[in-house]
Amino acid sequence: MSVTNRRGSARRRLATGAGVIVLLSLLSACDREQRRFRENPPSASPSNVRVSALQPGTVVDTTHVAGPYDNNAWAVSEGQRLFGWYNCSGCHANGGGGMGPPLMDDTWIYGSGPEQIYNTIVQGRPNGMPSFAGKIPTPQVWMLVAYVRSLSAQNASGARTSRSDHMMMYPGSGSLQDPAKPQQSFHPPASEMP
Amino acid sequence: MLQGGLRGALNQSVLEASGPQAAKVEKLWWFAFTTAAIVYLLTMAALWWAAHRARRRELRGERLDEAYAEPRMTRGVTWATAATLVILLLFLGTDLLVGRTLSPIPKKQPLTIELTGHQWWWEVAYADSSAHGRFTTANEIHIPVGEPVLFLLQSPDVIHSFWVPNLAGKKDLIPGYTQSVWFQADTAGLYRGQCAEFCGLQHAKMALQVVAEPRTKYEEWATNQQKPAANATDPVSSRGREVFLTGTCVMCHAIEGTSAGSHAGPDLTHLASRRTIAAGTLPNTRGALAGWIVDPQRIKPGTRMPPNQLKPQDLDALLTYLQSLK
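Which chain is which? The protein sequence lines are A and B, in order. Going letter by letter, the first sequence gives residues 1 to 194 in the numbering used here. Going letter by letter, the second sequence gives residues 1 to 326 in the numbering used here.
If you're looking for bench data, these hints aren't it; they were derived computationally from the structure. Just to be clear, a hint being listed does not mean it is correct.
What the hints assert, rightly or not - Each pair of labels, with its calculated beta carbon distance range: (1) B:Q309 <-> A:W74: 20 to 26 Å; (2) B:A288 <-> A:G84: 28 to 34 Å; (3) B:D157 <-> A:A66: 28 to 34 Å; (4) B:D157 <-> A:P130: 39 to 45 Å; (5) A:A66 <-> B:A288: 34 to 40 Å.
No residue lacks a Cβ here, since even glycine has one placed at the ideal position from N, Cα and C.
For reference, chain A alone in the conformation it holds in the complex:
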């Protein structure tokens, strides 16, 4: 076997390797759109959500545990569809607020963490927010959580939908803006207490 021949095969192997790496890197980008249709409900009831800031021992902040779908664009768009189907828009008007508080600003009466939003949906809140316990399957509640958080740009920009026809925080694409820093407290100021 001649030297040139061997060099040729080495080059071919290198090219194949590079090709495989390129293909693999393409595959990794698909996470954003991963569709899981038959989901085991992730943590049916998030038991570690605290409704009081007081705790024994070291204070553990559980308000920013990531929701299971926060960075999944497909789940966020499903959440957007369900937001209409379950008539969340009836009070929250596609996030702009109406009878219910707006969801695209930085004020959160009951917390902006994924698990706090989950509890708000499932438990309901005084003076208007209905409890959806047993009416919406758990994975769908988490999709709604992911969408609600995307309204104020709190999840990864790549996951946010850019094809909304409704009002947005800023003109143009919802996926270009900086996240709104949530102002939250466990004890809402008296003026906001519903």
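For this one, chain A is given, so just place chain B on it according to the hints.
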């Protein structure tokens, strides 16, 4: 044999026309087929003849390249262009004429059906201005035989296409725009239709059935559909009703006469009177219904209906209730 092979399923075939619209489509189909077949055969014969002649001349020792130098192209190109133009004009004329003959509905106030294509099922609303006249069903269209029926086509999500091959050609359902199409069934029967425009994951499982029946039978069916759902009388079906109204079902489905009034999913007021469930995917039997309720994502991955976790006795009661919705 050729015709038999082309026919395929008899209740979903362009070659089994059962109405005036489809008859025209079938005629056109045979015309196109015959023309294409003749052109194909002529071309093949010419090719064979040319090859054969060249071979014979070669065997006789004639030099082909000199004797048959390419003639000038001008004449050929002119002829081809003229022929193409004439054919295009003919097509344009035929298209206009076909549109003229097929579009206008030959009746003043026809039975009007509002057909809405959803991902991935058909919402069928019978427009009737009389009190309690309007009713909604899904995936199954009943029409009286021998009468033109007008369809108003809408879509809230993506483009679908309404196609019942035995009765008419295709017509797209376009979001934000109402299209219309009409057809007439001349023979009673069960015709299968399908979405004919790729519309997402379960496009293939988006079928519908057209039941053409005599006027009296149709009236009977329509009168029953206009009634609210049957009252649950025995304890098992009233428990089933409770499961339906207190669980996840009520968020998307409507049953007239109860507090369930959401129209995100198919109207279930007369579910048990339908032949299939899940847009023609499964027969409407107790077992199929159970499988569909518990795990629709296994049967139709990506469908909008989520899996439902129900206790066995609750599921049983729910099935009894749903099967009582005649």
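Each hint, compared with the structure:
1. B:Q309 <-> A:W74: 20 to 26 Å: holds (23 Å)
2. B:A288 <-> A:G84: 28 to 34 Å: holds (30 Å)
3. B:D157 <-> A:A66: 28 to 34 Å: At roughly 30 Å between Cβ atoms, A66 of chain A and D157 of chain B fall inside 28 to 34 Å, so the hint holds.
4. B:D157 <-> A:P130: 39 to 45 Å: violated (26 Å)
5. A:A66 <-> B:A288: 34 to 40 Å: Given about 39 Å between the Cβ atoms, the range holds.
When each numbered hint is compared with the structure, a violation occurs for hint 4 only.
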